[in-house]
Amino acid sequence: MGNETLIEAIRTKLAAAVESVSESLGDQVLTVRPGSLRSAMAALREGPFDYAVLLDLTCVDYAAGEGRFELVYHLYSMSRNTRLRLKVSVPAADPAVDSLNGLWKNADWLEREVFDMFGVRFDGHPYLRRLLTYEGFEGHPLRKSYPWRLAQPRIPMKDKA
Amino acid sequence: METPRIQRDARPESMLINMGPSHPAMHGTIRIMLELDAERILNAEVEVGYLHRGFEKTCENKTFFNLLPYTDRLNYVSPLINNLGYAMTMEKMLGVGVPERAQLIRVLMSELSRVSDHLTCLAAMAMECGAFTVFLYMMKAREFLWDTIEFTAGARMTTSYIRIGGVRADLHPDWRGSLATAVRETRKVLKDVSGLLDENSIFLGRTRGVGVISKEDALSYGWTGPCLRSTGIPYDVRKASPYLVYDRLAFEVPVGEFGDNYDRYSVRMREMGQSLRLLEQVAALIPDAAPLTGSLGLEPAEAIRRSRRQRPDERVHLSPNLEGSEKERLGGLMTSDGRVGVPPKEDTYTTMEGLIGHFLFFMSGKGIRPPKGDVYFSVEGGNGEVGFYIVSDGTDRPYRLHLRAPCFHIVAALEQLIKGRLIADVIPTFGSMNMIGGELDR
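From first to last, the protein sequence lines are chains A and B.
Counting along the first sequence from 1, when you hit position 66 you're at 148 in our numbering, and nothing is skipped either side.
Counting along the second sequence from 1, when you hit position 128 you're at 689 in our numbering, and nothing is skipped either side.
These are computed hints drawn from the structure, not numbers from a lab.
Honestly, I wouldn't trust all of these hints.
[Claimed, not checked] Quick list of in silico lysine to aspartate or glutamate cross-link-like pairs, EDC-like style, CA-CA up to 20 Å:
#, chain 1, residue 1, chain 2, residue 2
1, B, Lys-776, A, Asp-132
2, A, Lys-240, B, Asp-570
3, A, Lys-226, B, Asp-954
4, B, Lys-618, B, Glu-606
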């Protein structure tokens, strides 16, 4: 299956979920509606598409200009040796999207990291807790509204709390 | 404050114990909370982030040129591969080609780094299993490799040698000699270590059938690199989507069978053999530096002595691995695209236009400004696929820069691998994963 036919096939199969298809510097990019993220991912993981590896998940903060966060998923298909980039926009006022826990095992930590850094909520995540920063950290450091080099308050010592 | 899951769910009769963050075997600072029934691990929870220093946030506040030294500090055992990953991502975004010589030097540096990465991982793993001799042997070999790197790049670990558009400077004049020594010594060490560990019953007892992961789970966790290959899946970025000149070089991708600690050890050992093969091939491909036209120039000491009386007009003879030492050499090392490379120092210090060019490159708001858009590119690092995702808004700073750290995904599986095993199994399992705090916690 060539790249174009593959994208066409995905488009037909997931017509309800796909918002737009584009290409960025040779990479295929699929924009998906937030409500159907989980079902779209489940379909892409299986069968003819076979995107069996969730390579990466990250988020980009467009809150200031466009009022949204953009979640960026990278999928990889081992059998066809192709990558796919999936984007989902969530409103900055109440950023939430379905968790992919259960589809991929690394979704657990990847989503915890995005929650930690951006404050995006993943509905259905069994243990949504900060990953790289600590309990008691205030704010979400990778948001553009968070100043670089902002000092954090002291937290109480654990055994005295 | 919310209590960790493991504390909340612990059975009243079991014992909770911390392994790390400050534990001799937790090299890289990580906390593993264990729920124990005697020595049996009932449940585990891994806490990371002790080395989190806001790499991605810092990058958003640095120019594309400035942030390169920060990439050295990601996987600090193989910094050149991080440099390469970042530089190639930027080149993909800018549409810049790199001269042949620079590509060959990049392969040479990548493979040196890969061997040093694997050596460090296995050395630490073996030492934690009690094989201290192996640690010393491997550290010795690593020194020879780092000598070669240091000759050319000037630093052992924080190299910043691979730049956007090429490499910083040419190889050291005596690079062939130091490389040959490094390859010879590393081969010797690999042979010795093989003899010490391959059939060592203590080592086998702690690695065979311990920390087993299935193919399906490895893929589901997003494993890449030697850890994924230990399960039998031959995925290697150098083969799957070849970059630089890897498609012209002959090498194999060693795979394991069971995905246990021993296979991860064995895959790394065999991969080092392949990397040494690659080093020899690529060294044969790199032509000797072309002699410069005209006279060799004054020795630096002589130039200083003469300059006390009057400014010498002759060229000063400098080592080719000094940045910007000779403009004529830059052609083979840096792209000619004026947008990405630092202008030659000779021009900066001698001509007005050169000085203006220099300021335009370094002034805030000028410099490297890729077009709007986003890009993902990955290279094969010591631990697996090192990917950079960069979003540019057309200014000289990244709007967003994200690193796909290979050991993030690997360490995420640690909880599963040690559950139900004995407490002593944590050490070789964790050791064989090669957790690097710099890239895991960013």
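query: Which of the listed hints are not met by the structure?
result: Of the numbered hints, just 4 does not hold.
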